[in-house]
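Engineer: The lines below spell out each chain.
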Amino acid sequence: MTVFDLLDFIGTAVFAISGALAAMRQKFDSFGVLILASVTAIGGGSLRDVLIGNTPVFWMTHWEYLIVVFVSTAIAMLFRKRLAYFRKTMFLFDAIGLGIFTIIGFKIGLKADLHPIICVLLGTLSASFGGVLRDILSNEVPLIFHKEVYASLSILGAVTFYALLQTTLPININYLITSALVVVLRILAVKYEWEFPKLYKTT
Amino acid sequence: MTVFDLLDFIGTAVFAISGALAAMRQKFDSFGVLILASVTAIGGGSLRDVLIGNTPVFWMTHWEYLIVVFVSTAIAMLFRKRLAYFRKTMFLFDAIGLGIFTIIGFKIGLKADLHPIICVLLGTLSASFGGVLRDILSNEVPLIFHKEVYASLSILGAVTFYALLQTTLPININYLITSALVVVLRILAVKYEWEFPKLYKTT
Amino acid sequence: MTVFDLLDFIGTAVFAISGALAAMRQKFDSFGVLILASVTAIGGGSLRDVLIGNTPVFWMTHWEYLIVVFVSTAIAMLFRKRLAYFRKTMFLFDAIGLGIFTIIGFKIGLKADLHPIICVLLGTLSASFGGVLRDILSNEVPLIFHKEVYASLSILGAVTFYALLQTTLPININYLITSALVVVLRILAVKYEWEFPKLYKTT
Chain A
106 MTVFDLLDFI GTAVFAISGA LAAMRQKFDS FGVLILASVT AIGGGSLRDV
156 LIGNTPVFWM THWEYLIVVF VSTAIAMLFR KRLAYFRKTM FLFDAIGLGI
206 FTIIGFKIGL KADLHPIICV LLGTLSASFG GVLRDILSNE VPLIFHKEVY
256 ASLSILGAVT FYALLQTTLP ININYLITSA LVVVLRILAV KYEWEFPKLY
306 KTT
Chain B
106 MTVFDLLDFI GTAVFAISGA LAAMRQKFDS FGVLILASVT AIGGGSLRDV
156 LIGNTPVFWM THWEYLIVVF VSTAIAMLFR KRLAYFRKTM FLFDAIGLGI
206 FTIIGFKIGL KADLHPIICV LLGTLSASFG GVLRDILSNE VPLIFHKEVY
256 ASLSILGAVT FYALLQTTLP ININYLITSA LVVVLRILAV KYEWEFPKLY
306 KTT
Chain C
106 MTVFDLLDFI GTAVFAISGA LAAMRQKFDS FGVLILASVT AIGGGSLRDV
156 LIGNTPVFWM THWEYLIVVF VSTAIAMLFR KRLAYFRKTM FLFDAIGLGI
206 FTIIGFKIGL KADLHPIICV LLGTLSASFG GVLRDILSNE VPLIFHKEVY
256 ASLSILGAVT FYALLQTTLP ININYLITSA LVVVLRILAV KYEWEFPKLY
306 KTT
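Chains as they are written, first to last, in my numbering: chain A, 106 to 308; chain B, 106 to 308; chain C, 106 to 308.
Treat the hints as calculated values from the structure; they're not laboratory data.
Check the hints yourself; a few may be wrong.
Identical chains share a label here; the pair holds if one copy fits it or two copies do between them.
Straight-line alpha carbon distances no greater than 20 Å define the calculated EDC-like cross-link-like pairs of lysine to aspartate or glutamate that follow [stated by the list, open to error]:
| # | residue 1 | residue 2 |
| --- | --- | --- |
| 1 | Lys212 | Glu300 |
| 2 | Lys132 | Asp240 |
| 3 | Lys132 | Glu300 |
| 4 | Lys193 | Glu298 |
| 5 | Lys132 | Glu298 |
| 6 | Lys186 | Asp199 |
| 7 | Lys193 | Asp110 |
| 8 | Lys212 | Asp110 |
| 9 | Lys186 | Glu298 |
| 10 | Lys296 | Asp199 |
Next up, chain A with everything else stripped away, as it sits in the complex (with noise of 0.2 Å):
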């Protein structure tokens, strides 16, 4: 297993957590709970593996991610007050899914021979459907469409991952170059509360 494997599950992991969270918000079942986790984990690669007829979709015959999944929400759903404390880490790790997801939307699509900016979009697509089939299951507007600055930064990181892709670099340093823009981008983002500029008047 890669350095890249591993933070790949360390998304998968992370994703879970937050839609197990989200569903015992909502006061779900403990089955409804790894339900909504594992579409929040596993549904942005399931719609980009399906888009692009990569199928059967990934977690078919890599089912390790559901193992991860499974684990993650008994993990939730045992330090469910606990992990109010550990926000600050999960939050990091969140925006590591996110650089992580992204990076990997990007890769495959490069893979099935798709053009650089379709592969951007799977990229983002990758990373963000999943909290948004998760806001969806939950009966709310998808946070994406509010939050500060989220999938923009996946399409930042996917762009810069394609022209540092062209130069002589180390695919390993990439990923971290990469990853590591997203992840400060992302703290930055929230620290400061960037929005993205309002380009319509609202009134």
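Given chain A, work out where chains B and C should sit, using these hints.
Structural biologist: Using the frame of chain A, we list chains B and C on its own:
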């Protein structure tokens, strides 16, 4: 047409009726009623096929399913009030649908050479996603997240089916036992208001 | 680029604008506006392609669609208020989109060797699912379930197109007649508030 096909059509019909009744409660127009009935009846199987890459999805090449949906919706509209008298029969049919759709999903997974655990999930997904879509489209939090045990019975059914598949038991007997198990447990679950064990504290 | 392509782009643009306007009403951030515009414009065609197995889906290999969406969203943001004056023109374009998307969906179904009845459904699904997604993502009950006749006109359009396909009529004339039929009926439907006949009692 085998007994299994017959049960499959009954399951489709009952799911369609449940979608149509939900739509009429929400005062959808007649066309909307037909759409919601279709989505409830064939949504689960469609998602299953799309995730596996089993395309065009089943109802495109076996459109007798659409006829079943159409006729069921017409029946639901005509006998809307009388269906209240048949609530118990309907509920029984729905439980049959749950059992049958689980087995179908499981078998399709096996045929696609997927791991038995994935097949179990495919069975559950086939059986329960139509209802989730019905609830999302009527703008409600999916019942499956709150209701007394439902999707978990589907998992149990799929596991049982797989276990019996390892024996020399004729497949038809296996169908019967698995479906009967799901149906009986579902009846007990509703009668005694079984809930999935609370694995986390809600406070 | 043929006249048909042009109409296709007009349909895409109008659907994108309708998504962008809905997002701005909900005060989504600018990025959210772009996402909702995209989903509304290309969601129906994406579902169609995924259900058939026509992957990667159309906009991944023909990304001029994304440019159309992008430009349309920018226009919607810039001229948000002025668009109110063009409500009638917009509505006309939307009706054209309905007609065109229906025909495209139908033709793609035929090309995939599907039964004409399935092709009719594919046409309707291509034309109306984008709007359903738009409504779900803005957390509303899909308009299609309530509005004066809309999706049913798409079905009528697809049936007409298929009927005329059996004649010796040149295909371009067929395009014209079918689209015009859908547009005219849609105008009449809104003007005279046609509703789909009530086939069930609401009490």
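Engineer: Which numbered hints turn out to be false for this structure?
Structural biologist: 1, 7 and 9
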